[in-house]
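Student: So you can see what is in the structure, the chains are spelled out below.
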Amino acid sequence: MPELAGSSPARQGVPAISLRRRITDHFMTGVAVLTVVLVLVPLVAIFSYLVYRGVGSINWSFLTQTPKPVGEPGGGMANAIVGSALILGIASVIGVPFGVGAGIYLAEFGRNRFGSAIRFTADVLNGVPSIVIGIVAWAILVRGHGFSALAGGVALAIMMVPTISRTTEEMLLLVPQALREAAYGLGIPQWRTTLSITLRTATSGVITGIMLAFARIAGETAPLLFTTLGNQFWNLRLNQPTAALPLQIYVYANSPYDDWHRQAWAGAFVLIILIVTSVAAVRYAVRRGTFGAA
Amino acid sequence: MPGPQPVEETKVTSVPAHPGALLLRTSGGEVPDRIFRSAMTVCGLAVLGVLVLIVYELISGSGLSWHAFGFKFFGASDWDPVNVLFGALPFIYGTLVSSLVALVIAVPLAVGVAVFTTEMCPKALRGPLSFFVELLAAIPSVIYGLWAMFVLVPLLSGYIQPFLAKTLGWTGLFEGPPLGLGFLAAGIILAIMIIPIISSITREVLTVVPQHQREGVLALGATRWEMIRVGVLRNARAGIMGGIILGLGRALGETIAVTMVIGNTPQIARSLFAPGYTMASVLANEFSEATGDVYLSALVEIGLALFLVTIIVNALAQLLVWTVTRGQPARGHA
Numbered sequence: 000m001p002e003l004a005g006s007s008p009a010r011q012g013v014p015a016i017s018l019r020r021r022i023t024d025h026f027m028t029g030v031a032v033l034t035v036v037l038v039l040v041p042l043v044a045i046f047s048y049l050v051y052r053g054v055g056s057i058n059w060s061f062l063t064q065t066p067k068p069v070g071e072p073g074g075g076m077a078n079a080i081v082g083s084a085l086i087l088g089i090a091s092v093i094g095v096p097f098g099v100g101a102g103i104y105l106a107e108f109g110r111n112r113f114g115s116a117i118r119f120t121a122d123v124l125n126g127v128p129s130i131v132i133g134i135v136a137w138a139i140l141v142r143g144h145g146f147s148a149l150a151g152g153v154a155l156a157i158m159m160v161p162t163i164s165r166t167t168e169e170m171l172l173l174v175p176q177a178l179r180e181a182a183y184g185l186g187i188p189q190w191r192t193t194l195s196i197t198l199r200t201a202t203s204g205v206i207t208g209i210m211l212a213f214a215r216i217a218g219e220t221a222p223l224l225f226t227t228l229g230n231q232f233w234n235l236r237l238n239q240p241t242a243a244l245p246l247q248i249y250v251y252a253n254s255p256y257d258d259w260h261r262q263a264w265a266g267a268f269v270l271i272i273l274i275v276t277s278v279a280a281v282r283y284a285v286r287r288g289t290f291g292a293a
Numbered sequence: 000m001p002g003p004q005p006v007e008e009t010k011v012t013s014v015p016a017h018p019g020a021l022l023l024r025t026s027g028g029e030v031p032d033r034i035f036r037s038a039m040t041v042c043g044l045a046v047l048g049v050l051v052l053i054v055y056e057l058i059s060g061s062g063l064s065w066h067a068f069g070f071k072f073f074g075a076s077d078w079d080p081v082n083v084l085f086g087a088l089p090f091i092y093g094t095l096v097s098s099l100v101a102l103v104i105a106v107p108l109a110v111g112v113a114v115f116t117t118e119m120c121p122k123a124l125r126g127p128l129s130f131f132v133e134l135l136a137a138i139p140s141v142i143y144g145l146w147a148m149f150v151l152v153p154l155l156s157g158y159i160q161p162f163l164a165k166t167l168g169w170t171g172l173f174e175g176p177p178l179g180l181g182f183l184a185a186g187i188i189l190a191i192m193i194i195p196i197i198s199s200i201t202r203e204v205l206t207v208v209p210q211h212q213r214e215g216v217l218a219l220g221a222t223r224w225e226m227i228r229v230g231v232l233r234n235a236r237a238g239i240m241g242g243i244i245l246g247l248g249r250a251l252g253e254t255i256a257v258t259m260v261i262g263n264t265p266q267i268a269r270s271l272f273a274p275g276y277t278m279a280s281v282l283a284n285e286f287s288e289a290t291g292d293v294y295l296s297a298l299v300e301i302g303l304a305l306f307l308v309t310i311i312v313n314a315l316a317q318l319l320v321w322t323v324t325r326g327q328p329a330r331g332h333a
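Protein chains in written order, with numbering that gives the first Met the number 0: chain S, 0 to 293; chain F, 0 to 333.
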């Protein structure tokens, strides 16, 4: 690390910096480097251990079979992987249109007090613990009806909306005003302008927001505990208890069986691959998106 | 410039050329416009509606418990479903202690990383470094919990806790059997989980500090660290505080990872080695199996308390960050 203050030619003729100040400067640089190392250590530790245990634990039956009865080795999480896809599908079908719609409202119509209120609500909603959202989904959809994939999907959809709406708004505001005016000038109605021109221009950014929200809910366990509950068998019906990958990992990790611990690691490995792939896709989209919108 | 073309040519050219048709088209667009506007407003209202719904369900659900125990609910420490006696104090205590431990560990590290990435590191390292820190935010809670159970907890009970007991045992914070599971384990895993959010908001806030502040302080003869301390950190105080409070909000509501390592014992212990329980983890463990209306209602009341605390904490953080970044959303990722 070059010493910026002391060696620059602009400092010629200025009284020398005392030894104590110079040592403090170097010391603080060292401290900052140390914090970076300390933060990267758990990251590397978690990923390397996850890959080490995950690769060793994953096998064909894990990906194709349903769980064996308690304590019996073998079996897999195929139903949980499919169940997760089902629940995430429901969440996206509900959460994406509402999130994008709210984002459009905030960007195109919400430049007022009411818009600010919604903006603030969305930011606050983003911080509501996921388990609390699980309780609410339970109270509305599970109590009196029974555990269901739908309830879990709704809980996750609620978690998607704030993230999607705020990123959509941000991305729509990046679209130059002149573009809208040009469209109005050609006599194109506002709805058509917003959907075919503004939203279209911001597509990559909006998709980024959706993927971020998706990556966030894909690993959520807490809101599923008492909405989808989990299931040892195949289920594709929306009104039945359904297995989900994070839920299954949680249950298996807390069990006393070694084989279930192995499967928990395998499940975690599958889950992280799903999420890292979507985050990487987001990075790619962001890079393209910023060039496209600028 | 690469990327998608902003205007779709076909849409524009499809507008009729002669003015009469154009006027007709414009006036014909009014009704769809109104429908469109209403539909988007409904989506915006849904955000408000969800919040109202959450508040309503939590308040109505916790009514029974509120009538039975009143304010004593938050001061009593028995949790006895058999005799229908419920007090939330051990859970509140556990939530606060684990979150505080997390903040004590996470804040210096997160701020350090943010300062390093914005002020010290070579430009080429900046992108990858923030990417790696953001990667921490992408790991699901359950995987943190899994790792903590099988790696962190054995490490704590085998090496770190005996060492802490020997060197800092006199404080009373590090005594008792080194179980691994407990407040310390929960605090450490929470710290790892909230570092990305604190760090990315701090980074955002530091980038907003005007360049001439830095130049001014350097011109007065400051070293780089003095420039950072006087010119940058002092200007960004409010925003950094916002980031820290946002991190606190995350830590308070974090459920799964904490539930897996805190030991799930409703007790108030001074030692960080002791097992405890948090508000979120009692919900995770007992909600789906709660029998009896009062029991369920007591759990919903814990949920309500957790909700209110996180709402207040987040609103505060949001306001602090907004004052610095002027209305940009404060999210965990830049």
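Quick caveat, the hints were computed from the structure, so don't treat them as lab data.
Keep in mind the model is a prediction, meaning the values are calculated, not measured.
All residues carry an ideal CB built from backbone N, CA and C; glycine is no exception.
Misleading hints may appear alongside valid ones.
[Stated by the list, open to error] Partial pick of chain S residues on the chain F-facing surface, computed with a CB cut under 7 angstroms: (1) 36; (2) 40; (3) 59; (4) 62; (5) 70; (6) 103; (7) 120.
Student: Any hints this thing doesn't respect? Which numbers, in order?
Tutor: Per hint list: 1, 2, 3, 4 and 5 violated.
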